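Asks: Okay, here's what each chain looks like letter by letter:
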Amino acid sequence: MLRIFGTRKTNDGLLDDAVRALRDSARNDAATLSSSARGAILERSVRAFDPADATPFRTTPLWKPATAAAALVVLTAAMIVVSPFQGPSSRPVELIASKQGDQIVFEIRDGRGPHQVRKSTDAANFRARPVTVEDGRFHDRAESGPVLVFYKVD
Amino acid sequence: MSPPEDRETEDDRLVGAAQDGDVRAFEALLLRHEGMVLRLVRFLGVPAPDREDVAQEVFIRVFRHLGRVDRSRPFSGWLYRVTVNAVQDYRARAARRGAEEAPWSEAVEVLAQAPGGDPEEHAGQAALRRRLETALARLSERERAVFVLREIEGLETPEVAWALGVSSITVRRHLGRARDRLRSLLRDERKDPRH
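Quick note, the sequences are listed as chains A and B, same order. Quick note on my numbering: the first sequence kicks off at 1 and runs consecutively. Quick note on my numbering: the second sequence kicks off at 155 and runs consecutively.
Since the hints were made in silico from the structure, they are not lab data. All values reported here derive from a predicted model rather than from experimental measurement. Don't be surprised by glycine CBs; every beta carbon is placed ideally from N, CA and C. Do not take every clue at face value.
Pulled a few chain A residues facing chain B out of the computed Cβ check, cut under 10 Å [what the hints assert, rightly or not]:
hint: 1; residue: V19
hint: 2; residue: A26
hint: 3; residue: D29
hint: 4; residue: T32
hint: 5; residue: S34
hint: 6; residue: A40
hint: 7; residue: S45
hint: 8; residue: R118
hint: 9; residue: K119
hint: 10; residue: T121
hint: 11; residue: E134
Counterexamples of contact, computed for chain B against chain A with all Cβ distances above 12 Å [claimed, not checked]:
hint: 12; residue: A209
hint: 13; residue: V216
hint: 14; residue: S226
hint: 15; residue: G231
hint: 16; residue: R250
hint: 17; residue: S294
hint: 18; residue: R296
hint: 19; residue: R327
Start from the sequences and build out the full structure, keeping to the hints where you can.
Replies: Structure below.
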């Protein structure tokens, strides 16, 4: 039976119409996460990924995802920093990220250097030629958009 | 939109890649499902300011325990389950804080409107949605979850049962109660001259 909206309905009909209206609107609802939330999820997931549950993240053998400098909520682009593997006796690497104008600036505070920094959009492949950082400080253009950018520092 | 079976196949491929440690596959899964998770979090009554936090919690749980995914079942079913659990935990935390749940109809912004059509009908549809939203907020947590998954998300009864960790009989019972209660609430609202 074709119902005309606004006419008197049975309670069942009213509920069915309301459900249909909500379902239709939900179908057109294109809610998305903010890029900062997306970046935070990926960063925290990479960090919290339980190796007992599954294969560890595929990275180069001496590398694992860093815990520092990845919550780049100040950035419009989501980025993840991949830090050197830390052995039991090594000092933890402190990575500080900040946005200055259209640049993202990283400071590596581990008292060592120089460092080699590579950039990639694929955490499993860092093929680009590394940039040598002498003073523990490097910068890059802060890109916007949903693409994740990974940095590897050694 | 691709057929459900194609989506499931692609989800399964991405889950497999993510289980092997492919971060890009994680990202692709996130992008494919964030809309559904946000929508469900919303329909389950999480106020707007907290929805993104709850959605973050959902995906972190998903990715943390991805190795446990039963790949004989659709990934989306597991995601529904994790989302419902995360909302329940959120509600428990909110209750401990003594926070009041925001009335859904007030917390919800204007829902997306299909393009075109009669503006008067759109207004009528929007009013009808708001009435249902208000009524849904008055259901029990379990009744609301069953109703939203079955009637709004369109899951089959066994899928709802699996997502909620209950039997199909329980789903049907809660769905019946939810429908009765919603009918009653919509009827009462119609009698109320303020509406």
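Asks: Indicate, hint by hint, whether the structure satisfies it.
Replies: Outcome of the hint check:
1. Because the smallest distance between the Cβ of A/V19 and any Cβ of chain B comes to about 5 Å, under 10 Å, the interface hint for this residue holds.
2. Checking A/A26 against chain B: minimum C-beta separation of about 6 Å stays under 10 Å; hint holds.
3. Checking A/D29 against chain B by beta carbon gives a least distance of about 4 Å; that is within 10 Å, so the hint holds.
4. The beta carbon of A/T32 comes within 6 Å of a beta carbon in chain B, closer than 10 Å, and the hint placing it at the interface holds.
5. Because the closest C-beta pair between A/S34 and chain B is about 7 Å apart, less than 10 Å, the hint holds.
6. With a least beta-carbon distance of about 6 Å to chain B, the hint placing A/A40 at the interface is held under the 10 Å criterion.
7. Evaluation of the A/S45 hint against chain B yields a held restraint, the C-beta minimum of about 4 Å falling below 10 Å.
8. Using the Cβ-Cβ criterion of 10 Å, the hint placing A/R118 at the interface with chain B is not satisfied: the shortest such distance is roughly 15 Å.
9. Restraint check, A/K119 versus chain B: the minimum CB separation of about 15 Å is more than 10 Å; hint violated.
10. Interface restraint check for A/T121: the shortest CB-CB distance to chain B comes to about 8 Å, inside 10 Å, so the restraint holds.
11. For A/E134, the interface hint is violated, since its Cβ never comes within 10 Å of a Cβ in chain B; the closest pair sits about 29 Å apart.
12. A beta-carbon of chain A is positioned within 12 Å of the beta-carbon of B/A209; the least distance is around 6 Å.
13. Some Cβ of chain A comes within 12 Å of the Cβ of B/V216; the nearest lies about 8 Å off, and the non-interface call is violated.
14. The claim that B/S226 lies off the interface holds: its Cβ sits roughly 16 Å from the closest Cβ of chain A, which is beyond the 12 Å cut-off.
15. No Cβ of chain A approaches the Cβ of B/G231 within 12 Å, the least distance being about 18 Å, so the stated non-interface status holds.
16. Every CB of chain A lies more than 12 Å from the CB of B/R250, the least distance being 23 Å, so the non-interface label holds.
17. Look at B/S294: its CB is around 17 Å from the nearest CB on chain A, clear of 12 Å, so calling it non-interface holds up.
18. The beta carbon of B/R296 is kept farther than 12 Å from every beta carbon of chain A, the shortest such distance being approximately 18 Å.
19. Distance check for B/R327 against chain A: the nearest CB is about 18 Å away, which clears 12 Å, and the non-interface claim stands.
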